[in-house]
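> Take the sequences, apply the hints, and build the full model.
So the sequences go chain by chain: A and B.
Each residue of the first sequence is one higher than the one before, starting from 1 at the first, in the working numbering.
Each residue of the second sequence is one higher than the one before, starting from 1 at the first, in the working numbering.
These are calculated hints, taken from the structure and not from any lab test.
Among the clues, some could well be false.
Because identical chains cannot be distinguished in the list, a pair is counted as satisfied if it fits within a single copy or across any two copies.
Think about it this way: if two alpha-carbon atoms lie no more than 25 Å apart in a straight line, the pair counts; the simulated DSS-like pairs of lysine-lysine are [as the list claims (entries may be wrong)]: (1) K191 - K212; (2) K262 - K194; (3) K61 - K27; (4) K212 - K314; (5) K197 - K212; (6) K361 - K191; (7) K113 - K94.
Number of protein chains: 2
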Amino acid sequence: MALIVQKFGGTSVAGPERIRNAAMRVKSELDKGNQVAVVLSAMSGVTDELVGHARELSSLKTPEALAEYDTVVASGEQVTVGLLALALQEMGIKSRSFLSWQVKIKTDETHGKARIEEIDAHIIEESLARGEVPVIPGFQGVTAEGRVTTLGRGGSDTSGVALAAALKADRCDIYTDVEGVYTTDPRIVTKARKLNKIAYEEMLEMASLGAKVLQTRSVEMAMKYKVRVQVLSSFTDAPGTLLVDEEEVMERRLITGIAYTKTDARITLAGVADRPGIAASVFGPLADAEINVDMIVQNVSADGTTDITFTVAKTDLARAEDCLKKAQAELKYKKMITDPNVAKVSVVGVGLKSHAGLAQKMFQTLAEKNINILVISTSEIKISVLIAEEYMELAIRSLHTAYGLEG
Amino acid sequence: MALIVQKFGGTSVAGPERIRNAAMRVKSELDKGNQVAVVLSAMSGVTDELVGHARELSSLKTPEALAEYDTVVASGEQVTVGLLALALQEMGIKSRSFLSWQVKIKTDETHGKARIEEIDAHIIEESLARGEVPVIPGFQGVTAEGRVTTLGRGGSDTSGVALAAALKADRCDIYTDVEGVYTTDPRIVTKARKLNKIAYEEMLEMASLGAKVLQTRSVEMAMKYKVRVQVLSSFTDAPGTLLVDEEEVMERRLITGIAYTKTDARITLAGVADRPGIAASVFGPLADAEINVDMIVQNVSADGTTDITFTVAKTDLARAEDCLKKAQAELKYKKMITDPNVAKVSVVGVGLKSHAGLAQKMFQTLAEKNINILVISTSEIKISVLIAEEYMELAIRSLHTAYGLEG
Numbered sequence: 001m002a003l004i005v006q007k008f009g010g011t012s013v014a015g016p017e018r019i020r021n022a023a024m025r026v027k028s029e030l031d032k033g034n035q036v037a038v039v040l041s042a043m044s045g046v047t048d049e050l051v052g053h054a055r056e057l058s059s060l061k062t063p064e065a066l067a068e069y070d071t072v073v074a075s076g077e078q079v080t081v082g083l084l085a086l087a088l089q090e091m092g093i094k095s096r097s098f099l100s101w102q103v104k105i106k107t108d109e110t111h112g113k114a115r116i117e118e119i120d121a122h123i124i125e126e127s128l129a130r131g132e133v134p135v136i137p138g139f140q141g142v143t144a145e146g147r148v149t150t151l152g153r154g155g156s157d158t159s160g161v162a163l164a165a166a167l168k169a170d171r172c173d174i175y176t177d178v179e180g181v182y183t184t185d186p187r188i189v190t191k192a193r194k195l196n197k198i199a200y201e202e203m204l205e206m207a208s209l210g211a212k213v214l215q216t217r218s219v220e221m222a223m224k225y226k227v228r229v230q231v232l233s234s235f236t237d238a239p240g241t242l243l244v245d246e247e248e249v250m251e252r253r254l255i256t257g258i259a260y261t262k263t264d265a266r267i268t269l270a271g272v273a274d275r276p277g278i279a280a281s282v283f284g285p286l287a288d289a290e291i292n293v294d295m296i297v298q299n300v301s302a303d304g305t306t307d308i309t310f311t312v313a314k315t316d317l318a319r320a321e322d323c324l325k326k327a328q329a330e331l332k333y334k335k336m337i338t339d340p341n342v343a344k345v346s347v348v349g350v351g352l353k354s355h356a357g358l359a360q361k362m363f364q365t366l367a368e369k370n371i372n373i374l375v376i377s378t379s380e381i382k383i384s385v386l387i388a389e390e391y392m393e394l395a396i397r398s399l400h401t402a403y404g405l406e407g
Numbered sequence: 001m002a003l004i005v006q007k008f009g010g011t012s013v014a015g016p017e018r019i020r021n022a023a024m025r026v027k028s029e030l031d032k033g034n035q036v037a038v039v040l041s042a043m044s045g046v047t048d049e050l051v052g053h054a055r056e057l058s059s060l061k062t063p064e065a066l067a068e069y070d071t072v073v074a075s076g077e078q079v080t081v082g083l084l085a086l087a088l089q090e091m092g093i094k095s096r097s098f099l100s101w102q103v104k105i106k107t108d109e110t111h112g113k114a115r116i117e118e119i120d121a122h123i124i125e126e127s128l129a130r131g132e133v134p135v136i137p138g139f140q141g142v143t144a145e146g147r148v149t150t151l152g153r154g155g156s157d158t159s160g161v162a163l164a165a166a167l168k169a170d171r172c173d174i175y176t177d178v179e180g181v182y183t184t185d186p187r188i189v190t191k192a193r194k195l196n197k198i199a200y201e202e203m204l205e206m207a208s209l210g211a212k213v214l215q216t217r218s219v220e221m222a223m224k225y226k227v228r229v230q231v232l233s234s235f236t237d238a239p240g241t242l243l244v245d246e247e248e249v250m251e252r253r254l255i256t257g258i259a260y261t262k263t264d265a266r267i268t269l270a271g272v273a274d275r276p277g278i279a280a281s282v283f284g285p286l287a288d289a290e291i292n293v294d295m296i297v298q299n300v301s302a303d304g305t306t307d308i309t310f311t312v313a314k315t316d317l318a319r320a321e322d323c324l325k326k327a328q329a330e331l332k333y334k335k336m337i338t339d340p341n342v343a344k345v346s347v348v349g350v351g352l353k354s355h356a357g358l359a360q361k362m363f364q365t366l367a368e369k370n371i372n373i374l375v376i377s378t379s380e381i382k383i384s385v386l387i388a389e390e391y392m393e394l395a396i397r398s399l400h401t402a403y404g405l406e407g
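As structure tokens, this is what we get:
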């Protein structure tokens, strides 16, 4: 008898009919002789609506406001957990919902993006021992003081993995509206292949580079606690993708997939004085304004000045420009060039650790298509390049073929 | 400095704009130097939608199902309390929401229609002492074991009054979409007059006889704890109606108002054996089927048989007929006559206690209009008659004039 945590996303519980469908998924796992605990998102659209109401009434700047924001937006999961318990009971299955303060799911006090500190598995274990299916709201918790917190968008994945870790569950099944993790976005490359297994590290890179299947933090947590996570669709019966340790990925593939994002904009400061501390002078004011900077390149030049190029979120571009204009007197750059029409394309795979030629293949492939690389950044298991957005799809397709990722 | 509990109904918090309007009401009370605690309903329509979802998934027959039902439908107020706290904070007013398990509002375990047993006023008093406006969800509570309960439809009024009682507040203002309690329904009698004051007992009769301004239980609670309740509109600045002790009603009026309901149906069992225990035989099976019976008349007749007439809710009529058909063998009635097209019209006023002629005036007025009275029932301060539904409006208008209730 295995213990499975099933997590259903917003589209999988989007109304009574879908909730009944989710209940059928629970039943079929029980029919195999397994125990099941469930974690749910709110109905799709509900959290967005609640966020909209809160934003209409408040600028949400103070901790007090964020605490109320959390109280408001956490309500959507209270609805789905009760409804799923009802659906299960109606099918003759013992079930009850546990709200986050009933469990309890203890988090820190960072309202709006709290981190789970502890789950009192005891209460859920007792429920399982009584032969019940416990149903728990994702995306939220309570502080030590007893106020409601939320984990940030997509936080339900993290709730599911955290519960699986706390219960030492045999698997955490994350039901969503895609069939698993693909070598790249199937909307761009029709021959994209669903992966049977993927290593935690690879998934982490894929997730943080734009593959929206799982929230990055949930992957980090799965990796940390060695939770076997399966991503699968609640609308088909196809097997999904299993997140496992690197050693367990049976197919000895070197490159796993191609990820992309279109959410960044490029900023180049040309002719900056090339002196010690210049990077700190550029990025200090941006950090103060809470603008995240992603890819950074700085070239050394002969004449004592340098060009610094980096990316920020498109939504932060205007504020970043303001910031840097104000710092012009100190930075003394000759010109600021900004470009929102860029995309980041990334090749991810554990093979990059050991096979030098794999990076070269990326540059070569893009060169053959006459795609200019604006910025390059690398980590142990990924290479990312910034290119003009209009070449993004071509780049992804070419790389997908070049690395032999087709099915 | 007075302490005021303000309770806003569903239409008064139906969206961000209305919530901001409610916040303005809080502010103007604070500007008078008063302290304010707030109790809220869910946005209008939300609870109905949640109830609909729950009914779609479950027949809601078991205690376990009703516990989940409560968890689901109690979520609507979590949204409004957080949003109002945000709106108040944005206006520079210190405020925070307290969910029912944070307060806590202890109820019994009758899920779906729980009764408040205790409110830990302490936590709210501390909040007030900090200079905050505490905002509390109406309609709900928690059991000793820590499960969410709801108080039944309209239960937010009861929450408001209960909080006012627990805090020993100077007044409980119930904001709704009408300007107060009227001598009768202004949609039927355009000259209906708003009452400045009404005695608890009178309001109780008016409420249970169909005046939908306040939930009956909230009036009972106000009467029990001597809470001064004011009913008023959140959409105008007109003063409302104050519920007070009988002695405090300054105008020495005898009749307060005319109430009505169209929700009952009449059943007559003709030719029932007139023997001891016959009433028990008729109403026992109905009670077993949880069908409430309201007005009852039994006439003695000469031939050893009797006719029994009574009313049940229209929605229970089909079930009641079934019930009585099954009991035919035992009851041996000659004929069952049912009529859903009836209305109950009631005259309410403390004057009925002492002035015998007031009842006679009702019968006379209806006789003059040739309106046949099917059933009569009385209490200390009200007389109700059952008449054909088609005469209801005529009856109400005639009685309103006859008792001199016009403005």
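> Please flag the earlier hints that this structure goes against, numbers listed from lowest up.
Failing hints: none at all.
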